[in-house]
Amino acid sequence: MERQLWKKVLKCYDYPLIAAVIMLSLFGLIMVYSSSMVTAVIRFEVPSDYFYERQKLWLIAGFIAFAIMMAIPYKVWRAERWVKLVFFASPLMLIAVAFLGHTANNATSWFRVGALSIQPAELAKLGLILYLAAAFANKRKRLAEPAKSNLFPIYYTLVICFLIAIQPDFGTAAIVFAIAMCIIVSSGLRLVLLLKQLLFFALIGTVLSPFWLPVAGKKIFSPERMSRLYSFLDPFQYANGDGYQLVNSYLAIGLGGLKGVGLGKGIQKYGYLPESHTDFIMAVIAEELGLFGVAFTLGLLAFIVLRGLWIARRSHDAFGSLLAIGISVMIGFQTFINVGGVVGLIPITGVPLPLVSYGGTSLVLTMASLGLLVNISMFAKYEQRYKKAEKTIVSKQKRGLTF
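In the numbering used here, the protein residues as written are 5 to 407.
Watch out, some of these pointers could steer you wrong.
[Unchecked claim] Straight-line C-alpha distance at most 30 Å; calculated BS3-like pairs for lysine-lysine: (1) K11 x K269; (2) K79 x K15; (3) K79 x K12; (4) K79 x K385; (5) K60 x K263; (6) K11 x K79; (7) K60 x K269; (8) K269 x K12; (9) K263 x K88.
[What the hints assert, rightly or not] What follows is a list of derived Cβ distance ranges for each label pair: (10) A83 x L195: 42 to 52 Å; (11) A71 x L104: 29 to 39 Å; (12) G261 x V196: 46 to 56 Å; (13) L349 x G303: 11 to 21 Å; (14) G261 x A100: 41 to 51 Å; (15) Y248 x F300: 20 to 30 Å; (16) K60 x S213: 41 to 51 Å; (17) A65 x V189: 29 to 39 Å; (18) R194 x G266: 52 to 62 Å; (19) G344 x N244: 16 to 26 Å; (20) P214 x V80: 44 to 54 Å; (21) Y19 x P214: 56 to 66 Å; (22) E387 x I271: 47 to 57 Å.
The set of hints was computed from the structure by calculation and includes no laboratory data.
All values reported here derive from a predicted model rather than from experimental measurement.
Backbone N, C-alpha and C fix where the C-beta goes; we use that ideal spot for every residue, glycine too.
Whenever a hint applies, use it, and build me the whole structure from the sequences.
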């Protein structure tokens, strides 16, 4: 009996989604090596495979997290003890990093543990998805009422976004806010209530601006950030300064053409793109593999996002559906912000490309999130394929129609 159950479960796993995750993550590992081998030697004075070896270790950890989250029933995370842990741990980590964190690129966003760097904002991102999905799934029948309990998750979301923004990390804060709004709107909460609360907080922020703006304004409107905005508007005017990286991103994309110059043969990674293995890895893909490489990367990411939304629609459980929406939106918005920065559509924010860019915490948490998405898909398919059939057989047996 147990063996038959495992066979049924294995048949219900979402193998196209699993294949897409594996292909994209392995492709990302190859591109991390190609984009970082020169930077590692020239800029960081380490062996050419330094970032590749570190990414490989993170990818192994990511596959372990992916497999664990695939195997654990997603409904476990709806338990009150996990929701409470996530609820308190996320803001505490973000507060702690402000005082104890490591500063790099003018942002205090990491904990340094030996040679490892851990980014609490990535943990808080997944934690917020779990909390919001559980909070709104538990009160599904009362969402039409203007109760304070329905609005508390909105307040919590704004606190998390604020703590991430003051690091400062506006890109991640924008992604977290977008994820939260998509989950909240999808939950069934009256849109009027949501808009009223957001307008209320905007009004309070405006009234109190004489108190917070002189302090926060130094970070928000710092000379570095303002020059980054000016370089985004006209990168060629600032080609020797803050527009340098974006101009070279354009050159990489233009040089790649349709087929690219060949894997490993790009020249923009020779110091012209300082963040070639992280924020601008898509520019290296465009140069070396051309439009085909870009289409392959974005095609797989689009498939993951659309598959996730399809899973959310197919799931009959509110918690699973909201989780799937949150994870899909997270991948989608992060891809848009990264690629938008590379092509000059939006200002550069330092957000990595999911599963492709170099980065430990982001990679492992993304893999864990996608493992959770696969588990939701498996349960939805299992319930649709087998539970209905089992109910039909039991019903027929009660009526004496089967032997």
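Here's how the hints hold up against the structure:
no. : hint                    : in the structure
1   : K11 x K269              : violated, 46 Å
2   : K79 x K15               : holds, 20 Å
3   : K79 x K12               : holds, 19 Å
4   : K79 x K385              : holds, 15 Å
5   : K60 x K263              : holds, 27 Å
6   : K11 x K79               : holds, 21 Å
7   : K60 x K269              : holds, 22 Å
8   : K269 x K12              : violated, 47 Å
9   : K263 x K88              : violated, 51 Å
10  : A83 x L195: 42 to 52 Å  : violated, 30 Å
11  : A71 x L104: 29 to 39 Å  : holds, 32 Å
12  : G261 x V196: 46 to 56 Å : holds, 50 Å
13  : L349 x G303: 11 to 21 Å : holds, 19 Å
14  : G261 x A100: 41 to 51 Å : holds, 48 Å
15  : Y248 x F300: 20 to 30 Å : holds, 28 Å
16  : K60 x S213: 41 to 51 Å  : holds, 48 Å
17  : A65 x V189: 29 to 39 Å  : holds, 34 Å
18  : R194 x G266: 52 to 62 Å : holds, 55 Å
19  : G344 x N244: 16 to 26 Å : holds, 24 Å
20  : P214 x V80: 44 to 54 Å  : holds, 48 Å
21  : Y19 x P214: 56 to 66 Å  : holds, 58 Å
22  : E387 x I271: 47 to 57 Å : holds, 53 Å
Comparing the model with each earlier hint shows violations of hints 1, 8, 9, 10; every other hint is respected.
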